[in-house]
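With the hints in hand, could you dock these two chains into one complex?
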Amino acid sequence: MGAFKVFRSLVVDSLDTITKGSKKYHLWMGFLILVMLIGMYCYSIQLEEGLSATGMSDRVSWGLYISNFTFLVGVAAAAVMLVMPTYVLKDIDFKQAVLIGEGLAVAALIMCLAFVVADMGGPSVLWHMIPGIGVFNFPNSMLTWDVIVLNGYLFINISIPFYILFKHYQNKEAKKSVYVPGAIISVFWAVGIHLVTAFLYQGLQARPFWNNALLGPRFLASAFAAGPALIILVLAVIRSFTAFKIEDKTIKKIAMIVTVAAQINLIMLVSELFKEFYAPTHHSESAYYLFFGLHGKNALLPWIWTAIPLNVLATVILTFNKFRNNLKVLYFCCFMLFVAIWIEKGFGLIVPGFIPGPYGKIVEYLPTGVEIGVTIGIWAMGAFIFTILAKTAIGIELGELRYKDKKA
Amino acid sequence: MSDNKKWFSLDLGLNNKKESSGSCGCGKSEGSCNSSPKEEELSADEFYEAAINASIGEERHRDGFEQVFDVKMDRRSAFKKLTASLLIGAGAVTTSCSVTTGSDTKEKAQIGWEEQFKGNYKLMTDEEKQGTINRLMRSYELRTDKKINMTAENAAEDVLFGYAFNISKCQGYMNCVSACVEENNQDRNSEMQYIRIHEMKDGEGFKFDKADDNYYHEVPAEGHFYMGTQCFHCDNPPCVEVCPVQATWKEEDGLVVIDYDWCVGCRYCMAACPYDGRRFNWSKPEVPENEVNKNQHYLGNRMRKKGVMEKCTFCVQRTRKGKNPACVEACPTGARIFGNLLDPNSTIRWVLENKKVFRLKEDLGTEPKFWYFMD
Ligand code: SF4
Ligand code: SF4
Chain A
1 MGAFKVFRSL VVDSLDTITK GSKKYHLWMG FLILVMLIGM YCYSIQLEEG LSATGMSDRV
61 SWGLYISNFT FLVGVAAAAV MLVMPTYVLK DIDFKQAVLI GEGLAVAALI MCLAFVVADM
121 GGPSVLWHMI PGIGVFNFPN SMLTWDVIVL NGYLFINISI PFYILFKHYQ NKEAKKSVYV
181 PGAIISVFWA VGIHLVTAFL YQGLQARPFW NNALLGPRFL ASAFAAGPAL IILVLAVIRS
241 FTAFKIEDKT IKKIAMIVTV AAQINLIMLV SELFKEFYAP THHSESAYYL FFGLHGKNAL
301 LPWIWTAIPL NVLATVILTF NKFRNNLKVL YFCCFMLFVA IWIEKGFGLI VPGFIPGPYG
361 KIVEYLPTGV EIGVTIGIWA MGAFIFTILA KTAIGIELGE LRYKDKKA
Chain B
1001 MSDNKKWFSL DLGLNNKKES SGSCGCGKSE GSCNSSPKEE ELSADEFYEA AINASIGEER
1061 HRDGFEQVFD VKMDRRSAFK KLTASLLIGA GAVTTSCSVT TGSDTKEKAQ IGWEEQFKGN
1121 YKLMTDEEKQ GTINRLMRSY ELRTDKKINM TAENAAEDVL FGYAFNISKC QGYMNCVSAC
1181 VEENNQDRNS EMQYIRIHEM KDGEGFKFDK ADDNYYHEVP AEGHFYMGTQ CFHCDNPPCV
1241 EVCPVQATWK EEDGLVVIDY DWCVGCRYCM AACPYDGRRF NWSKPEVPEN EVNKNQHYLG
1301 NRMRKKGVME KCTFCVQRTR KGKNPACVEA CPTGARIFGN LLDPNSTIRW VLENKKVFRL
1361 KEDLGTEPKF WYFMD
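Residue numbers (our numbering), protein chains in the order written: chain A, 1 to 408; chain B, 1001 to 1375.
Pulled out of the complex, with its shape left as it was, chain B reads as follows (with noise of 0.2 angstroms):
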């Protein structure tokens, strides 16, 4: 099986034959890189496809409403079934019980049921990705009368996603964090933030706990340096592991990424992260109307709702569009470098062969797609 990742993997020495992994495995391999890509992927689509099959295996077939209701059935009697055995009491069935009539209602309710009740978004097919988005921009629009712009696009082919820091270029502006908030449509109220940028002194080296990861003075201050920490989309993701939903995964780009529709917000996954990584709506997200970014992908950056995990997805929605994260556009000094791994031509591959790289943690096994390094 560790034949088939794409990139790191923990080195227990028991797999021998495999070349010990260097900061590149490519290169190393005679060029093998430019010659085999498309052989590599297919084998890593194998891979996908047979961890899915281990680990959810008929469920996959089976999933969801569609699924789990055989065709013959009705869906509208299916949703009352299911409306009336599971909904008594849990509060959501409110518009849907509303007395007014009006076709808007009517269709608010009916996108409300369809939407309760659809299955999870990694086990969906593509036409069924595009009806919940369908549906998703039409409630928007008839909640609030404005449009959005929602995609479903998939991870694309020999795309894996890695970032890497500059820890001596970064100076603390924290734009990244500003910039984050807004494209990400992060909840206003509780200034909830994916980056955490630590303040650390010289001389004393990587001391976290001593950091100051919350300041408010001008940067930057003298004598301190400066490291941002976020989701590090680990290629062996414990958070996604422990989930009881799979309401997150790790999609084929590398991308860990979350159904905010399907977590129960058990908030597991915030226990299994090491790195800090996600973040809980403790109650209502609130962002202003006119704050809110229109662009928006189902896995990234579209409206959350209360008790659900949410966290950095590497800006899905822009960076499958070719775009970069907008923490990386954002940064006045050039510290964030983002880029795909199976591009030897790409910087971040540049960087990973010629700086001194780490990571952080790298004793738990974790395998994160973010590293750190220096000038």
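Extracted from the complex, chain A is given alone in its bound form (with noise of 0.2 angstroms):
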């Protein structure tokens, strides 16, 4: 009952932390209310007139849903690489950082899934996937284990800051015996999620651009690269925004992280091209599409060779010390590596799988204004969900929110 009371008062008091702030503050949550609304009335014209008026089609079944959800498992994965050494490996350093990423993996987590809804024929029958009432086709097909790995991950990433949150609210030490295990179980579970999304398209036959063993490791190298750079970009954000104090050191070290991660990134990637592009058979057709177009059509050329240099030369910059130990530099790269993540994990993984068809049919992809509109939508939630859960967290580990037992 007790603490029914605890949790009531902290909805409570956090409610009102999060509708108050300054101008700034209130500026930022109009705006993505704003964009939420849009990309709510794309979605209720996509709902409409069905999925036709999204740029996909027969030839090209996935677009950009399914390209931001793919770039979102990573990034939501990212959280544990600060969960590791923080709980498990007593590195106090990264304390202030993990609340942040953890909260930072919710939100990915909670865009995830609303792609998934978004890119559905049938939103109202999902029911169908719901095991027990449903039928839910699980070991065999590969996307119900993906909704478990998600739905798991959420839970744990969920519950683990809550209850640290809680205890701290309450002004007690969160026990270790209690936390500890589920950042462990957290850290196997990040590269469960992630492996088993690279499978759901490893898996397929039919696709040999994904059919490749290297798909998975090198969505962990790319998730490990992408995640921390947007947990600095935040981070540098939170620090000049609020209280809330953020060494250079915890920064430098996760900027560390990004730079091995990208490091094996890249290497990865030269053997992808080196096995694509040195001899060349059938299968190289798509890496041909995505990097030089195919009978004159090239859509992607454009994102792909964005994506490229700004991968190599964040990459090499952060590799220097002295470069990534100038915070400014550091954030630049962090930006710039993160844009050619999304583009590469995104757009130039999902569209090339399906150019050529599978009869070397070439039909190309462009997603039309209703589709971007939902995107960025699902991205303004994601923001507007992490900034609430930010401002709570830092609140209360500010000492700002706290339990006032009203007897006492």
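For the record, the hints were derived by calculation from the structure and aren't laboratory data. Heads up, some of the hints might be wrong.
[Said to hold, decoys possible] Taking lysine-lysine and the DSS-like style, the derived pairs with C-alpha atoms no more than 27 angstroms apart in a straight line are:
{"#": "1", "chain 1": "A", "residue 1": "Lys275", "chain 2": "B", "residue 2": "Lys1207"}
{"#": "2", "chain 1": "B", "residue 1": "Lys1250", "chain 2": "A", "residue 2": "Lys275"}
{"#": "3", "chain 1": "B", "residue 1": "Lys1122", "chain 2": "A", "residue 2": "Lys361"}
{"#": "4", "chain 1": "A", "residue 1": "Lys361", "chain 2": "B", "residue 2": "Lys1201"}
{"#": "5", "chain 1": "B", "residue 1": "Lys1207", "chain 2": "A", "residue 2": "Lys361"}
{"#": "6", "chain 1": "A", "residue 1": "Lys361", "chain 2": "B", "residue 2": "Lys1361"}
{"#": "7", "chain 1": "B", "residue 1": "Lys1210", "chain 2": "A", "residue 2": "Lys361"}
{"#": "8", "chain 1": "A", "residue 1": "Lys297", "chain 2": "B", "residue 2": "Lys1210"}
If you want it as structure tokens, here you go:
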């Protein structure tokens, strides 16, 4: 009963914090709400007309939604790169960052689920996928695995920070014996969501571009670069807008993670390119399409040729300690890396899988306005959720938000 | 397990006891084909049974609203609960919320609810199957005042359908394509077609990437040959494996079918099909009322809705009644041959035994039941 009272007070208090703030904060939230409304309007058009409102077709049957889904799974998994050192290796530096990281994971996961739902042809019969009520094609379909791991990961990433914040809220220490096992599980789980999502594509013999053993590992490497890169950027923003103290040391440690992951990612990219272009086979056509265009069709060229130089440049700059330790340069590199991997792991991975089609037919894909509207709306929703979570967490951590027992 | 397979299976060299798979497994085994079809069928049944149990196990008995909600629970209240929790904002309650009374409206709403919450066709009993097709027929009547005839005929015993395509004969007339569109009530707006005819240049061999599958000129064009593709009804279909809700599966007579009402429209199966066999309803499919083929099968040509997958079913509504698919009937050149692979006297068996047949992308291990050959 007591816990429930505390919880209610927490909800009331956090509602109070998230509705109060500086002018900039209100502008930011108002802007996000506006974008979300636009996104919802676009989605209503899509519901009305069907998926023909998007740029997808029988030939390219997954597009922007699934691309973003794939990328965001990576962002979600990245939180764990901070969790492990903090909770398990007792590296105090990361403690501040980790709550933010986990908040980011929750927001990213909710966005993932939203993208999957947006991509469904029949959202009203989604209950067919609920185990027990519907028919869950487990273990045959990798999509069911993905549903399980994503929801499990969401649960873990909500419950650990919630437990810690809940304790701190009451001015109590969080018990290590409770959250450390959870943290350890989440480490393995994060690798799991990644591999499973990669297997979703990797397991399709029909699509040689995806059906390649490196896909899973490369997912991991690129995610562990892009995710922490985003966390660095978010920390930078939080540092300058709130009283929340994040030391340079913390950011520099995360930068180290980003660098190593980006380097590994680059090595794998080279290996992939070598395989596709040294002895090209029929199966290399998708890669040719992606990098050079096929038969005059080259819609993806501007994208991939933005991504690759950004990726290489950022990785090279980060490799030098001198540059990496300069925060301005670091932020810039993180931004480049984030954009590069978003293109590469999103568009650059999903769309070429369908081009050329099973019989060599090349039909290009361009997202429509409605599709872009929904996508941006979902991103705004993610940012909105994250802001709320972060604001509450920061409030508690700074001691502004505390449970006041009326009787005491 | 592979012993129980009715037809080809991927030979990885692990199964030394098995005879190497020739074009026909029966031809070589001392006429065993005539003497043991019963036994074979029985074991195939067992295999099917075991496969179902292995893949869905318990769920088979619990699936669908009837099984999930205990029999004691009133069906109506179960619907209400489900509706309240699941349908808010889903826009599917439209009819049921209607204020207008009138028994027709009510009946429509009733049917709408029952249809929304029915189980997966694959797991239905025969009565449940009959129930849903009755509802669908009645609903069509209520909407249009016209009657349709829908069946839920199950696969017959000792039948495994297969298809052969004579490349030398095909002239690219595309009669099969239009017959298929008419027979299967495909969306006229998006010009959906299950069959694609690829026009290829003589002397270049099978260059699919250079072929034209969307031509509008007079055929046969000088210096070209033609080849048709559609869903090949693979014996080891990757599209079935990946479906998260088992909305698509292989029937006992080898047809790979889709329950349009169970499909959630994720399009994973489309990505998994190596043969471009599947089509998606990107918008609401439309067929002019006077062109609707009213002889329908639940798994075949009944009307689809937007956001679901569909594909060639080898015209299940015709073939389970002993007729040929529409494409076979429509082809003026006789390039298309269809029949029962388990019947040693069928034409298709004759083709497989006497012609040099091949299949597309055999390396993928999908085991299509669709062969090509030349005169
Ligand atoms: S051809 Fe494609 S859709 Fe048809 S059974 Fe094979 S994999 Fe499935
Ligand atoms: S689109 Fe439908 S049939 Fe295909 S995998 Fe998804 S739910 Fe199954």
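(message) Hint check: Lys1210 (chain B) vs Lys361 (chain A), CA-CA at most 27 angstroms. Holds or violated?
(response) holds, 8 angstroms
(message) Run the distance test for Lys1122 (chain B) versus Lys361 (chain A): straight-line Cα separation, threshold 27 angstroms.
(response) Not OK: Lys1122 (chain B) and Lys361 (chain A) at ~34 angstroms, beyond 27 angstroms, violated.
(message) Need the status of pair Lys275 (chain A), Lys1207 (chain B): alpha-carbon distance at most 27 angstroms?
(response) holds, 24 angstroms
(request) Quickly compare the C-alpha distance for Lys361 (chain A) and Lys1201 (chain B) to 27 angstroms and report which way the hint goes. (result) At roughly 16 angstroms apart (the allowed maximum being 27 angstroms), Lys1201 (chain B) and Lys361 (chain A) satisfy the hint.
(message) Hint check: Lys361 (chain A) vs Lys1361 (chain B), CA-CA at most 27 angstroms. Holds or violated?
(response) Holds. Lys361 (chain A) to Lys1361 (chain B) sits at ~16 angstroms (cutoff 27 angstroms).
(request) Quickly compare the C-alpha distance for Lys1207 (chain B) and Lys361 (chain A) to 27 angstroms and report which way the hint goes. (result) holds, 11 angstroms
(request) Take a quick look at whether Lys297 (chain A) and Lys1210 (chain B) sit within 27 angstroms of each other, Cα to Cα. (result) holds, 14 angstroms
(message) Lys1250 (chain B) and Lys275 (chain A) were given as a pair; does the straight-line alpha-carbon distance stay at or below 27 angstroms?
(response) This hinted pair is violated, its Cα atoms lying about 36 angstroms apart.
The structure fails to meet hints 2 and 3 from the earlier list, while all remaining hints are met.
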